[in-house]
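Sequences listed follow chains A and B, in order. Okay, so the first sequence: first residue is 1 according to the working numbering, each after it adds one. Okay, so the second sequence: first residue is 1001 according to the working numbering, each after it adds one.
These aren't lab readings, by the way, just hints derived from the structure by calculation. Keep in mind it's a predicted model, so treat the numbers as computed, not measured. Heads up, some of the hints might be wrong.
Negatives, chain A to chain B, calculated, CB over 12 Å [as the list claims (entries may be wrong)]:
no.: 1; residue: M147
no.: 2; residue: Y156
no.: 3; residue: T220
no.: 4; residue: G262
Partial pick of chain A residues on the chain B-facing surface, computed with a CB cut under 7 Å [stated by the list, open to error]:
no.: 5; residue: A95
no.: 6; residue: L101
no.: 7; residue: I102
no.: 8; residue: G124
no.: 9; residue: T125
no.: 10; residue: V126
no.: 11; residue: V128
no.: 12; residue: V131
no.: 13; residue: V143
no.: 14; residue: S216
no.: 15; residue: L222
no.: 16; residue: A253
no.: 17; residue: V275
no.: 18; residue: P277
no.: 19; residue: L280
A virtual CB, placed ideally from N, CA and C, is assigned to each residue, including glycine.
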Amino acid sequence: MFEDILVTGLINGGVYALLAVGFSLVFGVARIVNIAHTAFYMLAAYCFYALLVKAHFGFALAGLTAVVAVVALSVLSYKLVIEPVREHESAVLIATIALALIFQELMLFSFGGNFLGIPSTLEGTVTVIGVKIAYQRLLILAVAALMLGATWALLYRTRLGLAIRATANDLEVANLMGMNVQRVAMATVAISVALAAIAGVVVAPVFVVDPFMWLSPLVTMLAIVVLGGLGSMKGSLIGAFIIGYVEAITVFALPQGSFLKGAVALSIMVIVLLVRPEGLFGVSFEEER
Amino acid sequence: MRNPIAFAARWLWVELKNEVFVLPSRSLVLAWVATILLLPVIYPDPYILRVAVLTCLFAVFAASWDLLAGYAGQVNFGHALFFGAGAYGSAMLSQKLGLSPWLTIWLGAAIATLFGAVTGYLCLRLRGSYLSLATLAFPLIVIGLLFAFPDASGGELGISGLRSLATSRTANYYIAAIAMLILVFGMWKIADSKFGIVLHAIRDDEVAVRASGINTTHYKLAAFAIAAFCAGMAGALLAHFIRIADPSTLATALSFQVVIWGIFGGAATIYGPVAAVFILYPLTEWLGSFKAFGELRLLIFAVIVLLVLLFMPRGLSPWVRDKIETECPRCKQRNGVWRSVCRLCGAGLGVAARANGASARQ
């Protein structure tokens, strides 16, 4: 059981990290609480399904096309829906909720509400430290690690990354230094949705694909981001693995654990917030009154 | 003075003429109240009455969210917690202990108030987005517990077979409508009182309020408790109306729904969210009744919300109110848009004055 917990927690933590880091980036740069973030993850899974099963593309081509299409859609919806109401914080909030609902209903309408089966990208299993792991799960882990590494490299080794970090740190000063903050915000949205879409494509064969699959990771992701500290990359990463392991422990060690895993993870978040209201690695925005 | 009835009628007419008919928004509210009270007489269709009952109860729910989020600035993403607490509290007490539903709706609301106070206490140190996202968690924790202990809670199916408050549809309608009017006008009065002003100040600058010697903790807890009481009452009434309390009363979707109603109607107004529910809820029901639209109902709902927001980002009711009324630049009282001088202080309300007023508001 201990080994099960170790492996499951690592894999789920990796998926959560992909989602949470992207969400955190957008919040840090543009101060958008993007409820539709996991809806893009759902869209990517559907797009992958349509291209792979219906249109018979190869795995790599289908995955790539799905990610590119979803990123293009996200930039389009940012331009059309979010940007015109940017100065009204509450309007942005419900605009993202409405977007998520629209995507959910569109998928429900075009694919129906049933679970969709997607063949694994890699068949077969391997036994590590006494636990049988499907290759697909190893693939998820590898992709998550690769993407998190790539995001880190982008943020800390490129000029765009510097601009993103500068904008997240202080929007007005970044603007005064001649950065095009609008374009930085758009690039950030694209990067963050790309991470979510990649997560959607790799987990599609393992997790349940239905139009409501965005709700439960949304809540977990929000818990992670709040736990780690809003807008903090490091916090999101560590928070993702904390929540991943807490869920794994609850599922394997408690009776009725699969019902309680959300409750326990969220309770951990609440407890952390009571002790440290700005999250584990967050900065308190006291001066931003 | 010789005929008291004629005197009262005359007094009423003068009051109406001077206080209500001078402002289009007040006339609208009067027309709305009259329609609600006369609906079963005008149109006693059971389906319409059912939709009307649900609309009334969700209106209370949306207004209570607005009191907490719009006025006190505690943008609650888990407002369904209070609704569900009221529904489940009342359902369990009436089903397991056999108490009369007339008593248990109050107990359910009291349980919701308790939940509100606890949530408020846990969230005291959180602000802004942290508070929103943390509150999202509370109803989900409760749902997890309900699913883990299906013996007490009925699990996924909930508690069904509850007793109704009244037998006939019309009586049930009047219970919901009158409860709605009392609770909504009560919340409106609270929001308009000194208490509401303090809540407004807390939203704008909590540190400044504390520096003025006001105990903001008490005010925030009270705001949570009052909002939770009203939401819990709505939940309890709903449970006894549809005769089931199930996990959908705690769902994230309902919490999001109330946020949409609140912001769509215009936050920090109380009447805005109520108006939003009275427009959006029957509209979605009506769309759902078409075969072709049935599946697309939520989609159309979301698209309407999105389009309205693009054109009126502050919400529907402030936009409408600005179209039909102007603010006097001198005394800040509201006037019908057709008047050329202020009805109270006589200041000019010309085009120039209106432009001034508009720039002063921004």
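Verification of the supplied hints:
The Cβ of M147(A) sits about 24 Å from the closest Cβ of chain B, beyond the 12 Å cut-off, so the non-interface label holds. Every beta carbon of chain B lies more than 12 Å from that of Y156(A), the smallest distance being close to 25 Å; the non-interface claim holds. A beta-carbon of chain B is positioned within 12 Å of the beta-carbon of T220(A); the least distance is around 10 Å. Here G262(A) does not stay apart from chain B, with its beta-carbon only about 5 Å from theirs, under the 12 Å limit.
At its closest, the beta carbon of A95(A) sits 6 Å from a beta carbon of chain B; the interface hint therefore holds under the 7 Å criterion. Here the hint on L101(A) is kept, as its CB sits about 4 Å from the closest CB of chain B, short of 7 Å. Contact between I102(A) and chain B, as hinted, is supported at the beta carbon level, the nearest pair being about 5 Å apart and thus within 7 Å. Annotation: G124(A) was flagged as interfacial toward chain B, and the flag is violated, the nearest CB pair being 35 Å apart, outside 7 Å.
Checking T125(A) against chain B by beta carbon gives a least distance of about 31 Å; that is not within 7 Å, so the hint is violated. The restraint placing V126(A) at the interface with chain B is violated, with a minimum CB-CB distance near 33 Å, outside the 7 Å limit. A least Cβ separation of about 31 Å between V128(A) and chain B goes past the 7 Å threshold, and the interface hint is therefore violated. For V131(A), the suggested interface contact is broken, since its CB lies about 26 Å from the closest CB of chain B, more than 7 Å.
The restraint placing V143(A) at the interface with chain B is violated, with a minimum CB-CB distance near 27 Å, outside the 7 Å limit. Taken as an interface hint, S216(A) does not check out: its beta carbon lies about 9 Å from the nearest beta carbon of chain B, beyond 7 Å. Interface restraint check: L222(A) against chain B, minimum CB-CB distance 5 Å, threshold 7 Å, status holds. Contact between A253(A) and chain B, as hinted, is not supported at the beta carbon level, the nearest pair being about 14 Å apart and thus beyond 7 Å.
Below 7 Å, beta-carbon pairs count as interface contacts, and V275(A) has none with chain B, the closest being about 10 Å; its hint is therefore violated. Satisfaction of the interface hint for P277(A) is found here, the shortest Cβ-Cβ separation to chain B being roughly 4 Å, below the 7 Å cut-off. Here the hint on L280(A) is broken, as its CB sits about 12 Å from the closest CB of chain B, past 7 Å.
When each numbered hint is compared with the structure, violations occur for hints 3, 4, 8, 9, 10, 11, 12, 13, 14, 16, 17 and 19.
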